[in-house]
Amino acid sequence: MSILKSLLKMRKKKEYPVQVEEAAVAGPDLKNLNLEQLKEKIIAEFGSTIDLSIDELKTEGKDALLVYLTTMIDTKSLKETILQSISGQKEGFHLSTEDDLKSLCKEKFGGAGYQLVETFDEIIISLLYGNIIILFKDMEKALSLSMAIGEDRSITEPSTQTVIRGPKDGFVESITTNVSLLRRRIKNRNLRFERFIIGSETNTTVYIGYMDGIANEKIVEEVRKRLGKIKVNAIFESGNIEELIADKAATPFPLALNSERPDAVASNLLEGKIAILIDGTPFVLVVPAVLVDFFSIAEDYYQNFMMGSFLRIIRYVSFMIALITPSLYVGILTFHHELLPTPLLLGIIAQREGVPFPAVIEVILMEVTFEILREAGVRMPRAVGQTVSIVGALVIGQAAAEAGIISNIMVIIVAITAIANFVSPTYSFAAAARLLRFLLIIVSSILGLYGVLIVLVFIVAHLSSLRSFGIPYLSPVAPFIIEQQKDVFFRFPIWSMRKRPAYLKTQNPEKFPKTGSPSPPPMKGDQPN
Amino acid sequence: MKNFGVIAAILLAAILLSGCWDQRELGEITVVTGIAVDKGENDSYILTVEAINATELNNRTASGFAPSIIYSAEGNSIAELIYRVNEGISRHLIYSHMRTLIIGEELAKEGIIDFIDFLERNREIRDDFNILIARDSKGSDVLKVTYQFQKSTSLKLHTQLDTMMKDWGGDPGVRMNDVITAWTARGRQPVMAAVRIKGDPEAGANTENMMKVTPDALVVLDSLAIFNGDKLVGFLTLEDSRNYLWIQDKINKTSITVKCSESRYMGIRVYDTKTKIKGKLENGKADIHIKIRAEAYIEGAYCKDQFVKVKTYEENGKIAEKQVNEKVAETIKKVQQEYGTDIFGFGEVVLRQDYQNFNKVEKNWDEKFAEADIHVDTSLNIRRTGIRTKSFLKEVK
Chain Z
5 MSILKSLLKM RKKKEYPVQV EEAAVAGPDL KNLNLEQLKE KIIAEFGSTI
55 DLSIDELKTE GKDALLVYLT TMIDTKSLKE TILQSISGQK EGFHLSTEDD
105 LKSLCKEKFG GAGYQLVETF DEIIISLLYG NIIILFKDME KALSLSMAIG
155 EDRSITEPST QTVIRGPKDG FVESITTNVS LLRRRIKNRN LRFERFIIGS
205 ETNTTVYIGY MDGIANEKIV EEVRKRLGKI KVNAIFESGN IEELIADKAA
255 TPFPLALNSE RPDAVASNLL EGKIAILIDG TPFVLVVPAV LVDFFSIAED
305 YYQNFMMGSF LRIIRYVSFM IALITPSLYV GILTFHHELL PTPLLLGIIA
355 QREGVPFPAV IEVILMEVTF EILREAGVRM PRAVGQTVSI VGALVIGQAA
405 AEAGIISNIM VIIVAITAIA NFVSPTYSFA AAARLLRFLL IIVSSILGLY
455 GVLIVLVFIV AHLSSLRSFG IPYLSPVAPF IIEQQKDVFF RFPIWSMRKR
505 PAYLKTQNPE KFPKTGSPSP PPMKGDQPN
Chain R
15 MKNFGVIAAI LLAAILLSGC WDQRELGEIT VVTGIAVDKG ENDSYILTVE
65 AINATELNNR TASGFAPSII YSAEGNSIAE LIYRVNEGIS RHLIYSHMRT
115 LIIGEELAKE GIIDFIDFLE RNREIRDDFN ILIARDSKGS DVLKVTYQFQ
165 KSTSLKLHTQ LDTMMKDWGG DPGVRMNDVI TAWTARGRQP VMAAVRIKGD
215 PEAGANTENM MKVTPDALVV LDSLAIFNGD KLVGFLTLED SRNYLWIQDK
265 INKTSITVKC SESRYMGIRV YDTKTKIKGK LENGKADIHI KIRAEAYIEG
315 AYCKDQFVKV KTYEENGKIA EKQVNEKVAE TIKKVQQEYG TDIFGFGEVV
365 LRQDYQNFNK VEKNWDEKFA EADIHVDTSL NIRRTGIRTK SFLKEVK
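Residue numbers (my numbering), protein chains in the order written: chain Z, 5 to 533; chain R, 15 to 411.
Simulated from the structure, these hints should not be mistaken for laboratory data. Predicted model, so just to flag it, every value in this text is computed and none were measured. Please note that the accuracy of each hint is not assured.
[Stated by the list, open to error] Cβ-Cβ distance ranges computed for the label pairs, FRET-style:
#1 Z:521 / R:406: 53 to 59 Å
#2 R:226 / Z:408: 32 to 38 Å
#3 R:397 / Z:406: 55 to 61 Å
All residues carry an ideal CB built from backbone N, CA and C; glycine is no exception.
Take these sequences, add in the hints, and give me the full structure.
Right under this line is the structure:
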């Protein structure tokens, strides 16, 4: 038993390199300061901020200080519960030793999530997290009680990653709500969460979640290590973390999956992946991520497997369309006229008659125009959003073609590229296609389809050089794992997908025992007896 | 980082210095869909190109001008002439969409192999365009004739020949690579389709020609041009052309008229057919067996028989078989006697099936072909009778 305990202690030390306790080691202890000094010191720390409240009170026959940030705590419950329970004195009780304090807390706040803190810095951080602090005279420890304000956005349908069939709830900004959403999906004691505080100035809470007994312990350890290494001052969004823990910075491809959907994250956890939840954002990271993850969405598994497979193939095709259509247009029109059927070529020539620009300028002009419109559509106030789409449709389509600046076929190319780009279920992955498209267009205008091929070869080489937490980005295609092909380009029936991804080297590679396909009971006539 | 700079410089140099050399913007090019080669007056050849005015071929942008421009230049090599024609045409001509090559009869009689080499060597020109002989006229005149639908003759001919071959079989389906294969193969001589201008060639070269219900001039598929080596030696009728295809096992579908009794005919549609040829040399004489198997249905019959019994089908099938036998044998006989050039590729068959003996006679195979014994054996089955079994003709009062 004791060995186990010491082991646990050791692990804890290793696991929480930036925990509150350790971060605060440098601060002075409480025992050296009296109440007056403490009060002055706290005021000195926070300066003239208006929301600091320090009240003097007497409880259990002892002078005490009640400190909190008025904007961070729920003042109503403070009055209703805390003040009632600490005012007044119990008969024959004198708060003098640490044990007295402990028993008092046990009696009055047992179950309310109290904490005893002993350094000054701990007090400051507790205050910032929305705790109230009660400092007793001549005591070495202070009482810290969580009283954080409960105002949050309610759970709504995710604004990205919408589905037709599937749960409609999405993550919110509050990390505790997000954890509860996951817990509600996976009612399993092996679901573990660990806490990190990241950002030297923002002190943002970050949780990692994983299934103990499934997730590869080495990868979990790697996640802890990388989170521990982060030294930046501020974390506001999962994108900050994603960039800081990526295996490789110079790549347009995302190396971590992000999702607003609890069901998607839950199913990834059960595959043996690790979730990283960040307080203050509804986007949860899932690592390690491989390329095929960005093409499969939770809804694939909620509908008929044939339909799921079909839609998945459509997504791969769309990605290729979004990536290469404009460069194919440029390449074929300036270098390889022989590739088009004669009537089509003649049709395009007829349409382009009088267009003043070379094909490549035409394409770049239209693609940049479209990107500007798209950015405008996202950034502008909702009220004027409609104006942009009307003006945009006119500018990008009709007017430009009618004015003879671009050809009609160009409008089709831009439109199909844009629509295909929107198919991508993950925004960050679609962004890769958006960027690489321009590289392809330029190379294609110089070298034709030969250039397109060269760039595509480079992209594949680059993709195969990528790793996400040590897992090759192209697995399970390269390195090839035959068992996993059931869930790459096609989505096989659920009863046939019994294995977790082998490339993750999970502790428990099998999801469920072999059952075979569902079938009706044998008919009476078929029975031998 | 120093290395990175060097690599980047090499890559940029490789891309930027080598790129763009064959770049042609669409606004700078004109598509050539057909060329014609005729015998020159002073030099060897006259090359005529048909360069398409794409705006006129598009229904939305057409405004009634000529659909193409036809320009000729004279010189001693086609390779030079295809660029020389820019003396009269403003844009770069691209030949990758060339669909038809028309050779004037006069030139074809003198030999064409010299300039074909250029067409086969050029990186831009495909090797599967139609290659045609302009009978009784110059190739350039054929190119000039306008047409209602595709507007340009070369595009029209390409479609027309294809349709003809699929529906009836008058076009031998010969593309340039077939001609070259025939030239290089042992025991085969090439053929080509021959076209003729029906009407007035002068009036044909006018956009008004496209506006008439009965055009003043029309390019029609006329016959089959047969060659000895690279020289044109004569023409066979369209009927022979179909029989040629039948022997080549290239018939897709065809219709034949069968005489079932005195002045009574029935039309049958052959929809599935297969030909096998066996050949060998016996005592220095070629012995060729052609076996044709065909499936057909009745398309129109004013014979007295009602197709209600199996026997009737068989009897009529026999009549058709006999006729096919006769006609095919007739065609072969005509070629044997009049031209003595093995356009059917029987030499190839013998080469494969009787290699040792063929080697001995290869030098004078065409003579052997002229006196070969040819046996045609057709088996034709009538399977269906359209959507009527009994004809209403019997019930007409």
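Against the structure, the hints:
1. Z:521 / R:406: 53 to 59 Å: Since the Cβ atoms of residue 521 (chain Z) and residue 406 (chain R) sit about 58 Å apart, the hinted range of 53 to 59 Å holds.
2. R:226 / Z:408: 32 to 38 Å: holds, 34 Å
3. R:397 / Z:406: 55 to 61 Å: holds, 58 Å
Hint compliance for this structure: no hint is broken.
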